[in-house]
Structures are given as structure tokens and as C-alpha cells.
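J.: Please build the complete structure, drawing on both the sequences and the hints.
4 protein chains.
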Amino acid sequence: MIKAGIIGATGYAGNELVRLLLQHRDVQIVWYGSKSYIDRKYASVYENMFQIVDETCLDDNMDALADEADVIFTATPQGLCASLVTEEILNRAKVIDLSADFRIQDVSVYEKWYGIRHASPQWIGEAVYGLSEINREAIRHARLLANPGCYPTCSILSVYPLVKEGWIDPNTLIIDAKSGTSGAGRGAKVNNLYCEVNENIKAYGVASHRHTPEIEEQLSYAAKKNVTISFTPHLVPMNRGILVTAYASLTKDVTEEDIRAVYEQYYGKETFVRLLESGVCPQTRWVEGSNYVDVNVKVDPRTRRVILMGAMDNLVKGAAGQAIQNMNLMFGRKEQEGLMQIPMFP
Amino acid sequence: MIKAGIIGATGYAGNELVRLLLQHRDVQIVWYGSKSYIDRKYASVYENMFQIVDETCLDDNMDALADEADVIFTATPQGLCASLVTEEILNRAKVIDLSADFRIQDVSVYEKWYGIRHASPQWIGEAVYGLSEINREAIRHARLLANPGCYPTCSILSVYPLVKEGWIDPNTLIIDAKSGTSGAGRGAKVNNLYCEVNENIKAYGVASHRHTPEIEEQLSYAAKKNVTISFTPHLVPMNRGILVTAYASLTKDVTEEDIRAVYEQYYGKETFVRLLESGVCPQTRWVEGSNYVDVNVKVDPRTRRVILMGAMDNLVKGAAGQAIQNMNLMFGRKEQEGLMQIPMFP
Amino acid sequence: MIKAGIIGATGYAGNELVRLLLQHRDVQIVWYGSKSYIDRKYASVYENMFQIVDETCLDDNMDALADEADVIFTATPQGLCASLVTEEILNRAKVIDLSADFRIQDVSVYEKWYGIRHASPQWIGEAVYGLSEINREAIRHARLLANPGCYPTCSILSVYPLVKEGWIDPNTLIIDAKSGTSGAGRGAKVNNLYCEVNENIKAYGVASHRHTPEIEEQLSYAAKKNVTISFTPHLVPMNRGILVTAYASLTKDVTEEDIRAVYEQYYGKETFVRLLESGVCPQTRWVEGSNYVDVNVKVDPRTRRVILMGAMDNLVKGAAGQAIQNMNLMFGRKEQEGLMQIPMFP
Amino acid sequence: MIKAGIIGATGYAGNELVRLLLQHRDVQIVWYGSKSYIDRKYASVYENMFQIVDETCLDDNMDALADEADVIFTATPQGLCASLVTEEILNRAKVIDLSADFRIQDVSVYEKWYGIRHASPQWIGEAVYGLSEINREAIRHARLLANPGCYPTCSILSVYPLVKEGWIDPNTLIIDAKSGTSGAGRGAKVNNLYCEVNENIKAYGVASHRHTPEIEEQLSYAAKKNVTISFTPHLVPMNRGILVTAYASLTKDVTEEDIRAVYEQYYGKETFVRLLESGVCPQTRWVEGSNYVDVNVKVDPRTRRVILMGAMDNLVKGAAGQAIQNMNLMFGRKEQEGLMQIPMFP
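Residue numbers (the working numbering), protein chains in the order written: chain A, 1 to 346; chain B, 1001 to 1346; chain C, 2001 to 2346; chain D, 3001 to 3346.
Note that these hints are calculated values from the structure, not bench results. Each hint should be verified, as a subset may be incorrect.
[Unchecked claim] With a straight-line Cα cutoff of 25 Å, these simulated SDA-like cross-link-like pairs (lysine to any residue) come out:
1. D/LYS3189 with B/ALA1043
2. C/LYS2225 with C/ASN2171
3. C/LYS2041 with A/VAL190
[As the list claims (entries may be wrong)] Quick look at which bits of chain D chain C covers, simulated, 3 or more residues with Cβ under 8 Å:
4. 3038-3048
5. 3074-3084
6. 3269-3283
7. 3287-3298
Every residue, glycine too, gets a C-beta built ideally from N, C-alpha and C.
T.: So this is what it looks like as C-alpha cells:
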């Protein structure tokens, strides 16, 4: 039985971790951390957990938590995990950080895009980037895991095979992404009120969103050269889901069938990446509540571009589900354990 | 292993049956019946099932199905199940009917409210009304089970204890119910288009909705006298969920604590009925995707009325989940088997 | 030209006042008051007004405002208007208060339900309750107008004729109301975040909502006796709209036609109350963006109750539109001036 | 007084034409054409028009209609207008076609993308493409006007100045567009049901959407060479609104200020195109119900691309509003007449 502690258990990603971990047969949650709700019943903050979770929220004491837990999930704003993690903690518990603190290897890039000083750059080198389908072996041996961002997960998995194979020019990549509103978190902000989000769509963070360097770094590894992309996120009036529509110029004369064969080769044995049938566009509704990423491709012979598409649930594969997938790998469990929820529709 | 067949597998309730049965460790689905999609891949109708369900849709042949299945679910419009069921079928397989055909004991009441002729009234007497929390023992021995309607399930469970105890005058009951749009089914009708439902709320079937006599019959058994109620359903712009707000005059001078004690007595040992803490109103978001019904009560001393409230997921406890709960009882399984999904939020 | 000032111009009702007043041919807005946004461009708070409103937000100085304006609208939380209004101000400008401060004649009732001390009870007697269809003559001569609450407007207009005629027993009245989320205001609260409201319906303020005594007082005048009702509001995932479903016992043996004839008599000449054709239920989508209230009735012979229904836009007839309707009356203008917007669908 | 007839008055665009024309002081609607609802009261199909429109739906007889009307709007599926228009009709009435029949000059391109045979190619040459801001002078003299598609209107206006000036390479243009669901029309299709659209986002018509050649043709005129673009539409769970996010490579070293100056030069005097302040992204909520298109630009120095953005209401500027703007020009009226509705929020 893996003992798990959560710091930031009352955010949306934290609550999703609770939902999924409770359904994992080999995990026990031992710590519901939430600075804002200390001493309050967890189930009074999230009534879905009424009569399911009896525990009370605790504080952010990662040191005490490391004594009780085998794994610590930090589902907190940037900066917190970096400020708490120590050698002593990592000797006692594995840490899976859902924030961006350890995703980017170049600390100056992190500090520039996030606008904060990194509190423990010495750990960046050890941290493993937890995109399970791509970094599986390294993840198995990680003590400190950087769980990928929601947009990067969907973006990278949607385009990775063609970048890796060199079939597209990665510097022509334009990633136009759309996210449900749970990605904006549970903070009380006017911009996230129902009446502000409903009946609206907008781009935000244009040419400046923090997930850009994360995507670029991972694609640079795949391309074996520096990659610079355009990335634009949009806010969509729905609770869950990310859709990626990516455009890139082909470097060689290939057909849709050729490209699908490559995707099949990369993802054919993956449980959680589903290459849809030819001509079927990914839609967020078909993955809601599950750890699946649905991908597909479309060649446009008129422009010699390929359109690469992906859909997933931002709270599952884009956050809590992938964190558990990584936990399974780190603890030698079956990767799919606790993650075989069937997408719920409608 | 229980072999299950579904007639009407491509409606919303049918798809929810598939989702839940696939997660039931002791069930195998052997028949995906769908007259509209015969020979088409089930997963091409419901892409959430891609790479999960490989089967193709079959027709409505209940006789052939009875050879292959231990249990047949009919998730079809009124009239179909009644037209198909025979002694020969019931000898081979148990039938759980999600339509209204066998819910109402008085065939003239059925024919008046539903406006169709009942094709096999001879089976009505044998059919058991499958509100698990109330009819548990009879359900265990049923061959033909009438799965309750969505509104009746939420309405009856919300008010049952006080009707049964005689603490309210059942003829003062006014049930104002609100449902998500999946309850309207997947038929292509202008009234159910996105732009017609979104940004709108309306009452429908005022003083004439077919679930009225079903609620009245069950409450009459509880009250041991004829009960006539007001029932008004409303359509709400959301996918899932039913909320019941019921009003009734108290027959005696009792406090909220007294009433909660009665509810505790009726539901304290029930897994799927959660009596919320005092002052907490049921909300559909806290039960989405699960088999729970959340209930609570509020006494209004100014009017000497009590307000009884309930919330549930219309596709789970209001349809597929309750059908599986009944199946578990009918086959001697643990009632909760396959039904412990934690509500998904947001 | 009527010079109008708005205190609270950056709330949802304030912005709706701006939208409607700008389309009124006989009004000029001279003061955009907003304590939270002083010195900020109004159009940067509400970008719909970009290139339409060039003004900057000012503070709440009602005294200075009274020098510049003929009419002052206060679209602010309870308590503010009562704390600001003085004889000197009322001598210079008419005041239309969209808060509850002057709606309730009995100050102890106000203080009990609102939980605050009334700062200027001496003005309550002079204030006129601005339900235009019912109080038209008194409104024409008012200096201080109490604009009705959103729920009371829809509730009272839906039931008024039968209460006035004595055809229903008003103490059997149960008003089950449903509102869009703009009614909750633009404050940054977790409960009003998109993900909390979307895919959810809930009751709130059960047996304790502040609009209850306002409805009761007005119905008591109509009934010429004290009326006590049940009133339950619900929050619906949509931006705009209120739907009222009201239930009452008939005191005499009347048909739907009889009742419709009474409604025709009361509302036949009213521009903004539309008695729908027999059998057509009011829906919020058909009144969105307009000052209309759609009403209809349904007799249930089984229960000898009548169901009275109404739908309106909470920000127009329920707030800003009705305030302008009252302004027109107070300034001797045509009542419909600036208010003939056609409902926008979808 | 301009007498207007509408063929296809019961679609969403038709109903929006009715809403707007009724508020135009110089127009009288003389014909509500709707093949599906002949002899039915218009207001029973669209209850928002109750007590506002008393007329009954008529058939598609364009010849009879030309005797009664000065202008005929066809808000019908592709093919119908082309099959009805004749010299005799055009001699008596001006025709504004909201379908695609006369938008594309090359009939073979039309027939290839739309998959139907054009019934009257002889009129294509005379038809004027009605993007008012760009074709104003030609529109004034048109008899037969091709009202632009919704996506083309928003797309072209968002990118036009830079294509015209040659500051971007038009063949690098990637237009990622997002639309509310009213754009899909009022036909009863499973894909447009509430539960299918809600909580979902999808791309559709990838590399094959019919609006692609329309955009390309107009941009080719601006660029004075053949332009081939990538265009991908997406369906968003909201009623109204189109958002365009377009990406292109800059051909010269310019700043955001330089580009904004060009946009200012093109649109500074336009009533309906609003260049937002620097850094403010267009959002559909700020234009709902109005004829405005909000545009803005963002230079990304990292990629030497510019991101061009636009937002508008698909039923107003994208259909009915622009049709009326064109009508005003064709009849010598003030272009803004009847179109100064302020965007409604929320």
C-alpha cells in the first residue's frame, strides 16, 4: 500500500487527485493539505466527498508529511514546491510536483517566463520530466518528478512523432490550444466568474504564455535542435478538456497514411494515447473524466501543411491522472493501475 | 460472470449502462442492441468507447438475446419492452426494463397517461418496482423488474420517510423538479438543440407529466391511502442531474432535528442515500457520475411547511446505476458492486 | 433631456442601466459612479462600451451628483442608498434605488431579514414601490423610488390578478423561482466561479431569502390581509433570466379560460406583460434582453390547484429596465421610451 | 420606407433579420417566408416575437415577393437563391443573398467546394461581394448582393490591412476560428443537440471547410496574387460569437505600433470595426448582439510572426447585421441606420 500525501488538496487538481487515488486499490491518502482550509473537514469543501472522505485539512508541513507518506503530491502554485523540498525529504518520500518548478532545465528560462526567483535550482538537474509515454524509463527511477503542464502534455503528445522523425519543420509549428475553465483554478477572480466565462471565448497570454518554453524544451530534445514555436491558449466555456490544433509544414512528401503509420508505431502500444480512425477529429467530450489523449492528423495538400490534433481531460491526463501514472511507474506498479476510468458522456 | 444484453444501447441511458457495466468486475456485455445502428461499430456511435468496446450493434431480437444473456436491459421508449417480453424469455433471462411499461400496476392509468395501449398487461402483476432502497427484498426475487423513472426516483426518495411516518399530509405535496437535458434523450428534435436549451429554463408537462402517476402510486403505498400531488418538471441547461424541491404541510409539531432523525433512521444504513449535514442544500454537481442521491430537509416555521430536497445524477441513480443496483440484488451480488464511482467535480 | 447619474455603474445592473440609458433618446448619463474603479475608464471595465462610453469612473458622492443630475440611480448593495439620501438631495434630484433599502415599509422587518440597521427610516414612508404595472399613479409623483427586487417583480406579476381577485388562497402560495447567475452580482466569490455554477442547479436561501417579505408585503396589499408564503430561489447555469413557477389552491370553481380572462383584464393593455397563448409555458429565452414579463396559467383539476408561471430578464424588467420604466413615469415621459428592445434569441 | 421580404425567416439568421429590421426606423417587413412553416404564425415559431409580429409565414415565391418588396433577403441553404433569381425579379427588387451562391466568382471553385451545380452562373459576374468596409462603393450600386459568410467576415477584416500592405506573407496565413453553435443552424441534427455540444470543443471541416475559398479569393484581390491559406473552424459551446486567431510571418521588420498604425488608418473611421487598445484581446462577449467586429494584433518577436485577432457576433456582423448594413448602402441610407445596438453583457 502506497501512502500518499497531498499538498494543495483543495484546488481542482487536488480534488481530482483525491477522486482518483481513492479509486486506486493500492493507495491510501494520509494527508489532505490545504493552507486555506486547515482544520476544516475536507468533505465540507468538496461535498462530492461527503461520507467518502472523513479527514480534516492539514497544513503544508512537507517535512512532517514525509514521515507519514511514501509519496507527496504538490498541487500548488509555482514556487511552493521549490521552496519546501530538501534532501531530507527526498530521502524519505518521493515528490511529484504538479507545479512548473522543476519542468524547465534552464533556470534562467524559468525565472524569465514565470517572473519569480527559483528557490532551489540545485534540484532541477535531478528532476525527471514526467511525460510518461516519452520518458518512461527515467521516470521509474525518479525521486523528484516534474509533472507536465496541461497544455504541454496535450501539445507534445499531439506533435511528438513527426518532430522526432523530422517530417515537419518544428519551427513552423503553430499550436492553437483551447481549454476548459477548471484549468484556471479555484481562486476567486472576477475573470473566472460564471457570467464572465459563459457565452464567451478569448485568447489569453498571446505570445507570452508560460507553457511555451516547456513545450519548446521537450520538442527541442526530440528534434535535437532548438525549437521555437507559436503557442496560443484560449479559454472555453466548459469545465474540463483541452483541445490542441497544431499546424506545421511538412519536410517531405508524405501521405496521411504514412503519417498515421508513424503515429501507430509510436502510440500503438500505449494505453492512454488513442489514434482515432482516419478522418475522425478529437473532441474533448470523448475523453472527459479519463486519462486518455485522443490524437489524429490531417494532411492538407493545398498548403503542404499537416494539422495535428489532440484532446484530453486537463484535470486527468493534464494533471492528476498523469501524476498517478507517474506514481505507478515510480513505485513499480502497473502503469494503468487506478486509471482505467471510461470517459463519461454526456 | 453475469452475461448482460442491452436493447437500446445507443441512447444516453444505454451508453451509461455500457460505461458502468464495463467497470463491473462480474459482468460481461454480450449484446449491444440498437435498431438505428445495426452493423455499425458501437464505438463509432460513442467515441468515448474507442479501443474499449470493439463490438458492433445488433438488432432488438430479445428472443435470440435471451439465449446468450442472463439479464436483458431494455433502455428503449415506452411500449417496446411490453411488446417483446414472453414467458419463454423470462424463463431464460431476467429482464430489467428502464422504460415505464411495468412501473404502474393499474393498466388503465398507464394507458391514459402514456396514450398507448399496453401490449402485455398480464406481466404487470409480476413486475417488481425497482426502487432498491424501498423494495429491496422483492427485487431479490424478481424476474421482471420495472426500473423507476428518473424524476420518481429522486422525488420518492426525497419525501418517502415523512410520507411513510405520516408527518406530512401527502395531498399537500408539491414537487418542483429540475432536470439536465440528457433526460430528454438523443433524438434529433429542434427543442433539444444546443441553442434552444442553452441560456434558458422552462417548465414542461405542467400538470400532465407521465411521471406523476408513478410517484403517486408509490407514495400511496407508503401513505396507505390514495395520494394526489402536484408535479412540475423543468428543463435546465446542463447535461446531467435532477434536483427536487418538494413542499408539504406538516401534520404535527416537529423540528428539523426530529425530521432528520427520521431520515437518519430510514437512510442511515443506505450506501447511496446521503443525508447531508443540517443546513446544506443538495446540489447536482456533488453527485455527478455517481449513484448517490443527496437529500436534506428544511422546516419553515412561518408556514408550518417542510421543504424536502434531493439531488442525483439522472443517468446513474435515475437510470443505469439503479438498474445495475437492481441487477446486483437480483443476482445475489453485493448491492454496491460496480457502483462506487466517486462523484466527479467539476 | 434627463440628466442621469449612476452610483454602482460597474455592477451587472449598473452596466445594464448604461446599455439601456444610452439607447434612450431623452437621457444623458452624466456620472458613472464606481467606488472600486475611480479614475479608471468605464470602457476598460466593460469592453462592450469601447468607443461608445469615453467617461471615467467617479466616486459615490451623491451630494455632488445631485447638482449635476436630474435623476440618481443607486445600483449598490443594501444600506448604501439609505446612508446617503438627504432632504437636500431629494430637493435637487429624484432618486431611484435599485437596492432593497426602501422597498419594505416596516423597518423592523427590513432589519430582521437583511441583518443591518436601516440608516434613514424616516424616508421609508415617502418612498414609492416601483412595480410600474401596479403602482403607476403613485410612481408618477415619487421623489424617492424603491425599485423592486428581481424575484419579487416576476413573482408578484405572475400571481397578482388571482390574489387581488381572491380566486386563490394566498397563504397556500408556493413560489419556486429559478434565476440566472447575473443575479448574484460581479463580486469575486468562489461560489460564483464558472466551474462551480456550470453543470449544477441548487436551491439557496431556503425559507430565509430576503425577497420573501417584499413579496409578502405587496401581496398583502392586494389580498387586503396578511399573506405568508413559501419562496425558494434556485441558481441556474445561465447568464440571464428568472422563471417563476407558483402553486396555489383555488378558492372557487373556475376554469383556465376564466383565469385567463382575469389576466387579460389586468394585463391586456400593458406593454410589458405578455399573457401567452393557452398552453404555452413561459421560457426565459424568449424575453432575454427585453423588458417583457411573459406569464401564463395552468389549472390542475386533479389537485384543484392553479400553476402560475412567469419569465423575465432579471437585469432588465428585474432591475435596469424597470428602473427606466419608473424614470419615464416620474419624468412624464412615455412609459415605453427606450425600452422597446426586442428579445434576442438565441 | 423600404419594404423588405425575407425568404428563410425561420432560421436563426432569418430571425435575427426580423429582430434587427423591426428596429430599423425606415424598413417595413412585408413577407415572412418559411417553406417549413407556411400558414403558421411567425410568433409561434419564435415566441420572442409574441405580440410584436402578427404575421403568418408564407412560401418561397420570390416572384410574387418581388412585387411587394423593394429588397429580398434570402437566408436559406446554398442553391436556393441561385435557383430563383431572374432578370425580372432583379428589375423589380434588390436581392441580398445570405447564402454562398454568389460569393465566389469562379463557378468551378464554387461547385467543387459546395458539391452542387450552380443554377445561374450568369449572375455571378454582376453580384457584389458585400463586405461593407472593403467594397463600399460597389455595394451602393448593386442589384444582387452576396452577403459574406460569417467566418470570412471575421477572418478577412482581422487580417486585411496587413495583406493589402504586403507586411505579411499571405501564404503563411493560418486562421484558427471558433464559432458559437447558432452558426450550425436550426436543423434537427444529433450533432447539434445540447448534450453533444455542451462541455465539448471540436475542430470540423479540417482542410476542407467551404469558407476557405471565399477567404482566399478576397485576400487574393488584396494581395494582388493567388493566396492559399490554412483555415480550421471549431465549434464552441455558446450561442453566438466568432473568434478568429490568425498567424502569419512578417515580411519586414515592424513593431506592434507600426501595425496598429496601419489598422488605425484602415479602420479609424469605420463605425463597426473597433481596434482595441494595445494588449487587449478581442472576446466574443464584448460584441454580442451588436454589429461590431473587435480586432487587435500582437507581434511575437521570437518567431517573427504576428497574431491577428478578431471577434464578432456571427448572427449580426456575420449575417443579418451586415446584410442590413449593405441594404442601407444599396438604398442610400446612412450605413449605421438600425445597427447601433450596444453589445449586451453578460
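J.: Taking the hints in turn, state whether each one holds.
T.: Each hint, compared with the structure:
In summary, the hint linking D/LYS3189 to B/ALA1043 is supported, as the alpha carbons are separated by about 19 Å, within the 25 Å threshold. For the hint linking C/LYS2225 to C/ASN2171, the alpha-carbon distance of about 10 Å falls within 25 Å, and the restraint holds. With a CA separation close to 17 Å, the supplied pair C/LYS2041 and A/VAL190 stays within the 25 Å bound. Coverage of the region 3038-3048 of chain D by chain C holds in this model, with 4 residues showing a Cβ closer than 8 Å to a Cβ of that chain against a need of three.
Given a C-beta distance limit of less than 8 Å, the hint that chain C covers the region 3074-3084 of chain D is violated, as 0 residues qualify and 3 are needed. Here's how the region 3269-3283 of chain D fares: 5 of its residues keep a CB closer than 8 Å to some CB of chain C, so the rule of at least three is met and the hint holds. Given a C-beta distance limit of less than 8 Å, the hint that chain C covers the region 3287-3298 of chain D holds, as 5 residues qualify and 3 suffice.
Of the numbered hints given earlier, the model fails hint 5 alone.
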